[in-house]
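Novice: Using the sequences provided together with the hints, build the complete structure.
Residue numbers (numbering that gives the first Met the number 0), protein chains in the order written: chain A, 0 to 154; chain B, 0 to 154; chain C, 0 to 82; chain D, 0 to 82.
I should point out that these hints are in silico values taken from the structure, not numbers from a laboratory.
Covered stretches of chain B (in silico footprint by chain D; criterion: 3 or more residues with CB under 8 Å from a CB of chain D, positions within the stretch not fixed): (1) 43-50; (2) 108-122.
A few chain D residues that don't get close to chain B, going by computed Cβ distances all over 12 Å: (3) Lys-14; (4) Glu-17; (5) Ala-23; (6) Val-26; (7) Arg-37; (8) Gly-39; (9) Gly-41; (10) Glu-47; (11) Pro-49.
With a cut-off of at most 30 Å between alpha-carbon atoms, the simulated DSSO-like pairs for lysine-lysine come out as follows: (12) B/Lys-138 <-> D/Lys-66; (13) C/Lys-66 <-> A/Lys-138; (14) D/Lys-48 <-> B/Lys-138; (15) C/Lys-14 <-> A/Lys-138.
All residues carry an ideal CB built from backbone N, CA and C; glycine is no exception.
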Amino acid sequence: MGTVRVQHEDFDAAAEARTLSAGRRGIGALVTFVGLCRDEGGRLAALEIEHYPGMAEAEIARVVAAAEARWPLLGLTAVHRHGSIAPGEQIVLVAAAAAHRRDAFEAAEMVMDYLKTQAPFWKRARFIDGSAGAWVEAKSSDDDDAARWSVPESP
Amino acid sequence: MGTVRVQHEDFDAAAEARTLSAGRRGIGALVTFVGLCRDEGGRLAALEIEHYPGMAEAEIARVVAAAEARWPLLGLTAVHRHGSIAPGEQIVLVAAAAAHRRDAFEAAEMVMDYLKTQAPFWKRARFIDGSAGAWVEAKSSDDDDAARWSVPESP
Amino acid sequence: MKAVYFAWVRERIGKDEEVIDPPAEVVTVEDLIAWMSRRGEGYAYAFEKPRVIRVAIERAHVGPDAKIAGAREIAFFPPMTGG
Amino acid sequence: MKAVYFAWVRERIGKDEEVIDPPAEVVTVEDLIAWMSRRGEGYAYAFEKPRVIRVAIERAHVGPDAKIAGAREIAFFPPMTGG
Chain A
0 MGTVRVQHED
10 FDAAAEARTL
20 SAGRRGIGAL
30 VTFVGLCRDE
40 GGRLAALEIE
50 HYPGMAEAEI
60 ARVVAAAEAR
70 WPLLGLTAVH
80 RHGSIAPGEQ
90 IVLVAAAAAH
100 RRDAFEAAEM
110 VMDYLKTQAP
120 FWKRARFIDG
130 SAGAWVEAKS
140 SDDDDAARWS
150 VPESP
Chain B
0 MGTVRVQHED
10 FDAAAEARTL
20 SAGRRGIGAL
30 VTFVGLCRDE
40 GGRLAALEIE
50 HYPGMAEAEI
60 ARVVAAAEAR
70 WPLLGLTAVH
80 RHGSIAPGEQ
90 IVLVAAAAAH
100 RRDAFEAAEM
110 VMDYLKTQAP
120 FWKRARFIDG
130 SAGAWVEAKS
140 SDDDDAARWS
150 VPESP
Chain C
0 MKAVYFAWVR
10 ERIGKDEEVI
20 DPPAEVVTVE
30 DLIAWMSRRG
40 EGYAYAFEKP
50 RVIRVAIERA
60 HVGPDAKIAG
70 AREIAFFPPM
80 TGG
Chain D
0 MKAVYFAWVR
10 ERIGKDEEVI
20 DPPAEVVTVE
30 DLIAWMSRRG
40 EGYAYAFEKP
50 RVIRVAIERA
60 HVGPDAKIAG
70 AREIAFFPPM
80 TGG
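Specialist: As structure tokens, then:
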């Protein structure tokens, strides 16, 4: 059963990976993805990430469960932050452990692709000159990425 | 310019990832792959990993350069251990940083796929009952994985 | 039922949440969006492109044909941009 | 030229490396493997399935048609199993 957390606080990716693999000696592959806040050429002061409490956790848990049903995983952790996040800070973590590397890679990618399009988070840029940027627009390429996996929609 | 190391000593995956991303604020995605020694149901005492000094580094550097030419990466590190490695220990690390997650995922996967089939390392199992297992056989599925990327052979 | 709003839907409407009481002829999510868009200027702006709006009932995604009968919490928001 | 052996090729031949001096009619890697396999029992065993053997010249992979002329270090080994 995967671990899912939605929080404002930063996370320790290495500690999450250690927890995931501790004592499980059948693990042959551990893939860790960390999404970071880019500085947009030095213009960004922070990203403000809004979320829908309750639904955010539920949607991440749903894609985590779908990944666990699809690949023979030995561990899966997803953590997503909300609130104000400065350039260079971590936003999201997905860590997947499996006996074989392809399973771990595909599970981590699938969880990320679905997180982007199905988990209720919205980003807006705040710039160094004080201006509030527009809400970040969803990219159709993200929908395409998610469509690669054909996970059922929520009921 | 990627980082390539071949060594007996263990590595600190988190420290490698930090070094890779330190001060580079255009990074939006950091993918870390760690290959671990499975315990084969509790029977394995250790994996003995033989390598071809010089060529091992050169082949890893070649695939790292190919990945850097193919994807817009902001950092790429590959570390491969040799010698005796106990169950649960780390064998190989690939860490890839990019602005966008697909590039980082694909680069890390490609480097791993090529490492498996092109880098001169050979594994043999040593079992708890004292017996030396056969040399690990190459899997044709690994060749198939590597063939996905169509990287040119070395000259 | 409780309506909750996020991101620019929230900003355009000017509130986080409210209780709404649509008439009986509002059956589906699509009907509800059309009804909401007639509630005032902010609503008209928020729902000016109904196809862009995502909807969740009881915190699960639903499509435009979903029935709203019995819903306790219905959320309206733009396409998501997490990750 | 120096020949170097790894994994079960090394074990079957019974040494890590040696200097070899193939005759002039041994032109390609394929020729060389055939010539090597006639050097004794361990060699015959090591090279019993020539198509399985991988070869590197100056630490770079080469195919069976590669020319060996001028090679200083030529390595023979099984398919690789790193990663």
